[in-house]
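Novice: In order, the protein sequence lines correspond to chains V and L. For the first sequence, the working numbering begins at 1 and goes up steadily by one. For the second sequence, the working numbering begins at 1001 and goes up steadily by one.
There's no promise every hint is true.
Simulated restraints, written as ranges between beta carbons of each label pair [claimed, not checked]:
| # | chain 1 | residue 1 | chain 2 | residue 2 | range |
| --- | --- | --- | --- | --- | --- |
| 1 | L | Trp1056 | V | Val52 | 53 to 63 angstroms |
| 2 | V | Ile498 | L | Thr1119 | 36 to 46 angstroms |
| 3 | L | Gly1044 | V | Phe268 | 53 to 63 angstroms |
Counterexamples of contact, computed for chain L against chain V with all Cβ distances above 12 angstroms [claimed, not checked]:
| # | residue |
| --- | --- |
| 4 | His1015 |
| 5 | Met1028 |
| 6 | Val1039 |
| 7 | Trp1046 |
| 8 | Phe1049 |
| 9 | Glu1050 |
| 10 | Ala1060 |
| 11 | Leu1074 |
| 12 | Met1101 |
| 13 | Thr1119 |
| 14 | Ser1121 |
| 15 | Gly1133 |
| 16 | Met1134 |
| 17 | Asp1159 |
| 18 | Gln1167 |
| 19 | Phe1187 |
No lab work stands behind these hints: they were computed from the structure. All C-beta atoms in this analysis are idealised placements derived from N, C-alpha and C, irrespective of residue type, glycine included.
The chain contents come next:
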Amino acid sequence: MSHEAVLHGDAHGHDDHGHHEHHDTFLTKYVFSQDHKMIAKQFLITGMVWAVLGGLMSVLFRLQLGYPDSTFPFLEDLLGKWAKGGRITPEAYYALVTTHGTVLVFFVLTAGLSGTFANFLIPLQIGARDMASPFMNMLSYWFFFAASIVMLSSMFVETGPFSGGWVAYPPLSALGDASPGSKTGMDLWLISMSLFVVSSLLGGLNYIATILNMRTKGMSMTRLPLTIWALFFTAVLGVLSFPVLLSGFILLIFDRNFGTSFYLSDIFVNGVGALPNEGGSAILYQHLFWFLGHPEVYIILLPALGMVSEIISINSRKPIFGYMAMVGSLFAIAILAFLVWAHHMFVTGLNPFLGSVFVLLTLLIAVPSVIKVFNWLTTLWKGNIRFTPAMLFAIGFVSLFISGGLTGIWLGNSALDIHLHDTYFVVAHFHIVMGVASMFGMYAGIYHWFPKMYGKQLNNTLGYIHFWVTIAGAYMIFWPMHYEGLAGMPRRYYDFSIWESFKQFGELNKFISLVSMIVFMVQLSFLFNFFYSIFKGRKLIDPNPWKSNTLEWTAPIHPGHGNWVGEIPEVHRWAYDYGKDGVDFIPQTTPVGADESQH
Amino acid sequence: MSTLTTNEPQRIHPHRFIMWIAIGSIVMMFAGMTSAYIVKKNQGNWLAFELPVVFWYSTAVILASSVTIYLANLSLKSGKIALYKLLITVTAILGVVFVKMQWTGFQDLEMRGIALIGTQSNSSSSFLFIITGMHMLHVLGGVIALIVLFFRSFWIKKDQISLVPVQTVATYWHFVDILWIYLFIFFHLIA
């Protein structure tokens, strides 16, 4: 129980903590580390590897969509039989789309985002030595790592990775004969995703217990930074929704491998004949999947909402506007997240009355979302704004959240959704509001907390180039897709050039593909900035470079396992006393003065 | 525990708290399964059958095991380590007996010609198999935790007994017990 000595280190004093550090070997410090900061970095770097792979996949399938008639010999060198003659085969195209979706949603924007920032920020910002259970925390990373290895290996099997879409609907996912990717690729996909669910649960349990149980003296819930509130609700969503997905997967595994009929029913397979299964319902899977799937959207989005609130307040040098409204709206979003899953299923033959209930609940999400946007804008209003790269990405996030949120109101109406379902309009909507926006939140977080993670500064010029190209590129890629979607262009199609009605979009698709390549290249410059700065970046001199109030900046520049030397600081105020009574910032550790005004 | 906010001096230990949240998570998994069961039943093509009689006996066994783990907790509290070891061993054995009885129940169904899996199976019996099977796995997880407790008990020093591990496992054990009662009633009422 050596970690407990560190967790309750205060009682044991500083010596205990020092003693712990001396025994770290390379293996326990960098590989099987139980230090939440190292685990956060492990999540971040694994997530970045996946982001590069997932991004590269999107560039590859954009090549096919933009240049359906051209051949690229280098593709055959890269992908072998999957790009015979230099053109991606339909099977490879579907495999790329599916893996891109799975990887970005789960491995990058769930594990990479909340895995990184929940691990890094929770103990540092609430004033704890480490997580409630550092051992479980370590397991959480290694389950994610195992899931990553299995997913990666699925790309190298004879029949290719799963290719039925990231949602893995039966019968494509339930029948091994449905497509090449439905064979071994799908088995590996299910194993990988089950490991991933275990990883998320182990992490989430820890995050909740740490936030509720391990806060330092004076850190009441209403003094928590908004990042912690957001990470808290994220963890609650994950802990309550991932088990339901696991239930759905277990039934799917039985249908695939043990001949049961939960999802399969009277299907005729070409070359195989009619299936013996009777009475299954593919819609049942969709209910189980989207009961996770929709909260999953918020699992991805909420950490970004929290970090953006924090970064906007710090860099406007103003208190966050409407702190309690921000917490309340996070809570409202978390509750509504569980009540809207069927809006993904308007075209499944859902009872129209039930549909109208889901329309109402879906549109209600606009209320807390608008409260958040209003509060960000009012925080910025008349602020003394510092345009750091982190701040630019945070403001970019707000822009994307508005643009993508507005189309959500369109899609939430079942009458419109029946037309727009499975078109590029949906692709544009969720990429902007969930994909790119959360990615911006992640970038904002990395630029902001990099100095705390590595004790170095990132290069600002590269940061500015990264931001401007990415925000312009994101709109150039996804804005035109709205028009394509309104014209009925369906998603997940391999080649649009054979339809007369979609030929008009040929040039537009070429443009989108071209921009996506440029944006991808610029992300590589971010990677360069990141890894170069870890080793050669400007050394941090001021332990509080952003003049921020929260506790993590009171720790040493290179905090050891246990975070603070000596006593954990005590908290006397909320995290947002910026510009109060003419003082630029008042850290949470400063006692409240006798003549101080109320905030 | 000065790292914690000191308003409440008797705060729940983080490990026990983690267990409570984990229980919430497991509840969601079984809620997902049992609601899928109800949805599927309402869609028709549903085979009605009698539950195996042995499930009644297994229910008695798992209830008895809850009593023994409760007594184990009490005996550790009063420092009777030998009795504590005996009682957690008995609890673990009752857990294994429970799992064996559930398995006998499955065999009973197969003998009556009710296929649990395979293309001849009906969703109603497959659901019973999977939901009960998942519950059995959770019981086995508890048995593993009890075995760990048993081996750790050799290192217990009389003057520094920590009740946290046994209390955490006991909370879980009572939970899987209650979960089975819920499932048993569910299968009787809904099926």
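Novice: A separate judgement is required for each hint: does it hold in the structure or not?
Specialist: Taking the hints in turn, this is what the structure says about them:
1. L:Trp1056 - V:Val52: 53 to 63 angstroms: Hint holds: Cβ distance 58 angstroms, inside 53 to 63 angstroms.
2. V:Ile498 - L:Thr1119: 36 to 46 angstroms: The hint (36 to 46 angstroms, Cβ to Cβ) holds, given that V:Ile498 and L:Thr1119 are roughly 39 angstroms apart.
3. L:Gly1044 - V:Phe268: 53 to 63 angstroms: Given a distance of about 21 angstroms, which is not inside 53 to 63 angstroms, the answer is violated.
4. His1015: Label violated. Min Cβ-Cβ 6 angstroms, cutoff 12 angstroms.
5. Met1028: L:Met1028 is in fact no farther than 12 angstroms from some Cβ atom of chain V, at 4 angstroms.
6. Val1039: 6 angstroms, violated
7. Trp1046: 8 angstroms, violated
8. Phe1049: Its Cβ never comes within 12 angstroms of chain V, the nearest being 16 angstroms, so this holds.
9. Glu1050: 21 angstroms, holds
10. Ala1060: 28 angstroms, holds
11. Leu1074: Since the minimum Cβ distance to chain V is about 23 angstroms, L:Leu1074 lies beyond 12 angstroms and the statement holds.
12. Met1101: 22 angstroms, holds
13. Thr1119: Non-interface label on L:Thr1119 violated, nearest chain V Cβ at 4 angstroms vs cutoff 12 angstroms.
14. Ser1121: For L:Ser1121, whose nearest Cβ neighbour in chain V is about 6 angstroms away, the distance does not exceed 12 angstroms, so it is violated.
15. Gly1133: It is violated; L:Gly1133 is separated from chain V by about 9 angstroms at its closest Cβ, not greater than 12 angstroms.
16. Met1134: 7 angstroms, violated
17. Asp1159: 16 angstroms, holds
18. Gln1167: Fine: 15 angstroms to the nearest Cβ keeps L:Gln1167 off the interface.
19. Phe1187: The claim holds: L:Phe1187 sits with its nearest Cβ about 17 angstroms from chain V, beyond 12 angstroms.
Checked against the numbered hints given earlier, the structure breaks hints 3, 4, 5, 6, 7, 13, 14, 15 and 16 and satisfies all the rest.
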